[in-house]
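Line by line, the protein sequences are chains V, A and F.
Quick note on this note's numbering: the first sequence kicks off at 1 and runs consecutively.
Quick note on this note's numbering: the second sequence kicks off at 1001 and runs consecutively.
Quick note on this note's numbering: the third sequence kicks off at 2001 and runs consecutively.
Hints are supplied without guarantee of correctness; some may be wrong.
Unchecked claim - To give an idea of the chain A side of the interface with chain F (calculated C-beta under 10 Å), a few residues:
#: 1; residue: Asp1046
#: 2; residue: Gln1048
#: 3; residue: Ser1130
#: 4; residue: Ala1333
#: 5; residue: Val1338
#: 6; residue: Trp1410
#: 7; residue: Thr1414
I should point out that these hints are in silico values taken from the structure, not numbers from a laboratory.
For each residue, glycine too, the CB sits at the ideal point set by N, CA and C.
One-letter residues, chain by chain:
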Amino acid sequence: MPHLPSSSSPLVTIKVDGKDVQVPGDTNLLEALQAVGIETPHICYHPYLPVSGNCRQCLVEVEGPRGMGLVISCYTPVKAGMVVATPASSQRVKSTRKAVSEFMLVNHPLDCPICDKAGECTLQKNYMEAGQNESRLRGEVGKHYHGNPDNEFVDSKGQTRGGKRVDLGPRVLLDEERCVQCDRCVRFMRHVAGDEQLQLAARSDHTYITTFPGEKLDHEYDLCVTDICPTGALTGKYFRFQQRVWMLSRTPSVSMDDSLGANIWIDHNEGHVWRLMPRCNPEVNRSWLSNTSRLAFEKFAENRLPASDIESVKLALQTQGKVALVAGGECTLEDIVALKMLKASLGDRAEIFVGSFRPVVAADGIAKSGDPVANRAGFKLLGLAADNLADLVKRASEFNTLMTINNDLWGDDANQAKALEGIENRITLAAFNTETAHKANVVFGVNHWSEVTGTMVNCNGILQKLSAAPTAPDAELIPTFQALSIFAGTPITEALEAFKVASKEVPVLLGLSYETIRSTGAKLDGVQA
Amino acid sequence: MMEIINSKHWIEWLLIVAKFAFAFVPVLFILLLIPMERRGAGFIQDRQGPNRSYFWLPYFGRIRLFGWVQNACDGLKLFTKEIYAPNGVNKILFALAPAIPFVIVLISPCVIPWFAPMVFTMGDQVVRVSGNTVDSEVGILLLFGLSSLSAYGAVLAGWASKSKYSLLGGLRTSAMTISYEVCLGLSIMGMLLMVGSFRIDDIIAWQEAHVWGIVAQPIAFFCFLISMIAETGRAPFDVAEGEPELVAGFHTEYGAMQFGLFYMGEYSHIGINSILVACLFLGGYSVPFFSQTTIQANMGYSLAVLCGVFILLILTFLHMIYRYSRWYKTSAATNKTVILREYSLYKLLGWVAIPALAIIGVASALFIHPEFTLVDGKAVYGLGIAFGTALIQILVLLVKACFFCFVWIWVRWTLPRFRYDHVMNLGWKVILNIALVNLVITAVVAKLVLGGN
Amino acid sequence: MVRQIKQTPMNWVERLYIFEAFRGLFTTLKHFLRGLFRYETLPTVPYPEIKPEIPRDYRAKHRLMLRPDGTPRCVACFMCATACPAHCIYIEAAPSVDGRIEKRAVRFDIDHLVCVFCGLCVEACPVDAIRMDTQDTSYVHRNREDFITPMYDLTAWDPKQYPQNDTQSQVAPGGSKNQQALEAWGLKVH
C-alpha cells in the first residue's frame, strides 16, 4: 500500500514547475502534489491499494542524472530537492499524457450515453483534463477489440466488439470492452478482500479480466470493485440502468448497520434512495463498504410503519407498573438524550435497557466491526449500561410495559425474546413494521436513520455525524428523538437542541457542534466501546 | 285647432310626420359602421376581421354575410350581460350618463335636410315640403349646439363612476370638446360668410349654384374635418379613452348595454357628422353634374341610370364572389363546401336582382314621361316625380356620408394617438389660427370678388 | 453582422406631419383595398380551416425515431432529460432484450404543457432518436394528464408523411427504405 501523507508527515521542499513548494516527505509524488493542490490524472493508482503503475497516466517529469525524464508519479517517492515538471510547465508531459489517454481509448467503446459510470468515470475526467484528442481510427475498421475471444462479436457496422454483459457473479456484471486493464479490481480482491477471485488473463492488448474457470465473483465486498473500477467495466446489477449519476443528490451520512459506522453517501433523487456509496474516511472504513451495508438501502422505503397517534403512546405509557425502555443500536446520541428525558419523566418505574439479541461477531478488518449495536459507545458515553438486555430477560416478570425503541427483539432472536412475551403492554417505536411491531399493541412509526440528522460514536470513539436525506416516505414521520421528547413532555424539534443537552452532560462533547464535526468525524479522547 | 290642420294639405301633414323617421338614420349608421370598422381595421392590418358569426338558412346553410351577422351577436351579447355599477356611486347619474349621447343623436338629425324642398302639385294645390324636420334659420348652429351636448354624457359618466381614471377621462373630454368647438365654429365661418346664411338648405343650394365647399374652402374643410374627428373623440384624438394611461377613460366602469349605449352614441355621432360634412362641403343632397330640374325633367332616364349603377355594383359584387369561389375550390380549406353553399345564395340573389333592375330601368325609361304645370315661371311636377327626386337625393347624400364614415375609420387605423398636450396645442395654436386667417382672407376675397355688402 | 441605421432628422415637410399623415393614409388605403378586392391574397388565413404551412425545421411536437425492427431508437441515456431546461422528459430505463443493444427506455414521457420547445433535447440526443419535425403544433386535450405524451404516442408516426430524402424516417417500419435497412441490420426480409 502506498504511504499516505498525514498531519505528522515531515515537510520537505521540492521544486515544482520552477517554484519551491513544501510537500509531505513520506509519501509518493502523486499524493505530495495533491497535497499542494496539483491534481495528477491517474487510473490504476488508488490510495488504499498497492501501487501497480501500469496505466502510465500520471506521468510527470523529474530531474535525474540524465536530465528531465518522464516517471510515473504514483511510484516515485518524494525526495527533498526534487525538481518536478507538470503539464503546467512541460509540453512533453502534456503531450505524453494526451497520448496515453488516446492509447487507452483506442478500443474503448463510445458507450458513455448508456454507461452507468458516466459522470463519475475516471476515464472521462482524464479525457477532459489530459486527452481531448480527435479520433484517429480508420473509419472502415472502427473499434477493434481483441481481448477475451469467448465473448467477442461483430456489430452491424462491422466492428469487432468485446463482451458487453459478462456475468461475473451474483452482484457484478463485466463489460469487457470498457475495461482498461488497470487491475484495480484484481488488487482489491487480492490485497483487501483477501480472496483472489478476479484475475487478468492473456497478455498485452489481449489482456482481459476474468474469474477462475467455473468460479464466480462472490464476496462480502465484491461491490467495492464497481466503485474502484475507473471505467464502466464493472457495474453492480442493483444499480444497472437505474439512474444517471449526475441526477443524484448526495447526502453524507453514516451507516448504522454496525458499530464501525462506515461513512456513506446517500445518493437520492426525487425522494428515493438509489444507492449507498462508501465515503472515504481513512480512520474508519477507508473507501470500502460491505455489501450488507451497501444494499441495505433497498429495504429503506419498504415495510415502513406509518406515522401514528402520539396520544395513544402517551396513554400506553401511563399504565401502572414498571416500564422497560429497550433501545437498539440505531439510536443516535440525540435519541439517547431524549430517551433519558423520557425515563426522567416516568420516574423510578422506568428502566433503560440497551442491546441486541443479534450476536457480536469478529471484526473483518475492512468496513465492519461485527457489533450490531451501532451506537454502543454512545450509550456508554451518556452513562447508560450498553449491554444489559440479558438482565431484562431475567427480570421480565417485574415489568408491565415494554417499549422498544429501534430495536427488533423478536426479529433478531425470537427464542430469546419469547421470555419477554409475558409483558403484556408492548409499545414499539420503529421505522419498520418488524416482528416486534407485530407483537406490539401500540406502534409508532419514526424516521429511519437515513432520514435524520444526528450523531453517533463508533467503536473507535469517533463522533460521526448523520445527515438527513430527504427521502422519508411519509412527511408526517418524525425522528425518534422528537417522538421520545414529546412522550417525555418536553418536545425537542431540532436535533441540535438535543445535542446541546448531551454536550452539557458529557464534557468531551463540550465545544463540539454540527459545524465543527468534520466529515471524517471527531475523535473523542478516552472513549472506547 | 282646425285652422292649423287646414292650413296644410293632408299630404303635407303626412310627410311631416313621416320625416320623424329620419331621426333613426344615424342609428342605422351603426349597422354600417361596426362591420366597416371591424373588418376595415382587419383589412388595414392585413387581418381577416371578424367573419365567423352566422345564421342558418335551409339549403344554403350558414350565412355569414361577410361578418355583418357579428352586429347581431355583439348586440345580443351586450343586451344579455348583467348591468352593474361600482359600489357607492350615484346610481341615477351613473345610469343617466350613457343615455345622454344616445338621446342627442336621436334629436340632432332634425335640422339635416335629406332632400331638396319638395314642391309638387296635389290636385290644384302646390305643396311645398322642406327636406328637414325642423326648417330652422340657424340650423347649423343648432346642430353644433346639440353635438357639443354629447360631451355631458362623458363628463357625467366620468364623475359618476367614482374612479380616478374615469374622472380624468371625463375632464379630458370636456376640455377637448370645448377647445375644438371653437375651431369647429370658426372653420365653418368662411363658408357661411360666402353663403350668407346659417340655414343648411341655403348652404347646399349655394354649392349647387356655385361650386362645392371643398373646392371653395379647402383649408376650412381640413380644419373642420380635424375638429370634427376631435370632437367625436375618435382616434387620433381619443385621449379621453387613452387605454395606455386611463384604462378605458370615462367608460372604464361601464359594462353591458350601458357601455353599448356609449358606443352606439359614438358611432351615431360619426354618422351625423359625416352627413354634416357632406352637407357643408360636398354639396349635400345635390347630384353632381345634374341640376334638380334636369333630373325632374328626365325622371325616367334618371331612374334608368340609377338602376344601371346598381346593376354595375351587383356585377362587381358577383365578380368578387365568383373569384372567391374559384379560389376556395382550389384551396385546402376544410370548410369550403359550406362557404361555396353560402356563396350560391349570393349568386342567386345577384342573378335575380340584375334582370329585375334591368326591367325596372328599361320600363322607367320607356314609360315615365313627367308632366308639369308652370307655377311662377317654374315647372312643378306631380307627387311621383317629387318622390323620385327625393329618393335620388337621399341616396346621393347617404353615399357622400358613407364616404366620410370610411374616412373616420381610415384615419383611426392609420394615425397613432396624439399626446394630450399635443391635442390641445393643435387645437388652440394651429387649427384655430389657420381657421382665423382663413376667415379673414375669405372675408377680404369675398368682399373684393363677390362684392357683397 | 452589425447594421448601423442612421437616423436622419426630419425635414420641414415631414415635420409638418400633415403630408406624412397623408402618406400613411395612402399606405393603409392600399392594404384596405387589397383586403376588400383581393381578399384571398391576405397573408393571414382562417386558421382551423386552412392550416398554415409549417417548415420541416420548425420545432413542433416531438417524435421518437424507430429502428428497422420497430423498436424505439432511444437508448435511455437521459441526455435529453439532462439537457431539458423545463424538466419535462421522464425516462425509465431497463436492460434491452435485444442482444446487440444494451439499454432501452421502458417509459419515455414528454409533458407538453411543461415543454418550452427549445429543441435542446434534439441537440443532446447522441443517437438521433428524438426529433421535432412532425409539423404538429396544436395540442388540444381535455385535461392536463393527456398532455403528457407517452412513448407509444411519440413513436406513432407515419413514414409516408416524411420526405424520401429523410433517410432516418424512411428506414423505419413502413418506410420506403426499410427493406435496405433490414438487410444492413442482418434481419430477415420477408
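| query | Which of the numbered hints are not met once you compare them with the structure shown? | reply | Failing hint: just 3.
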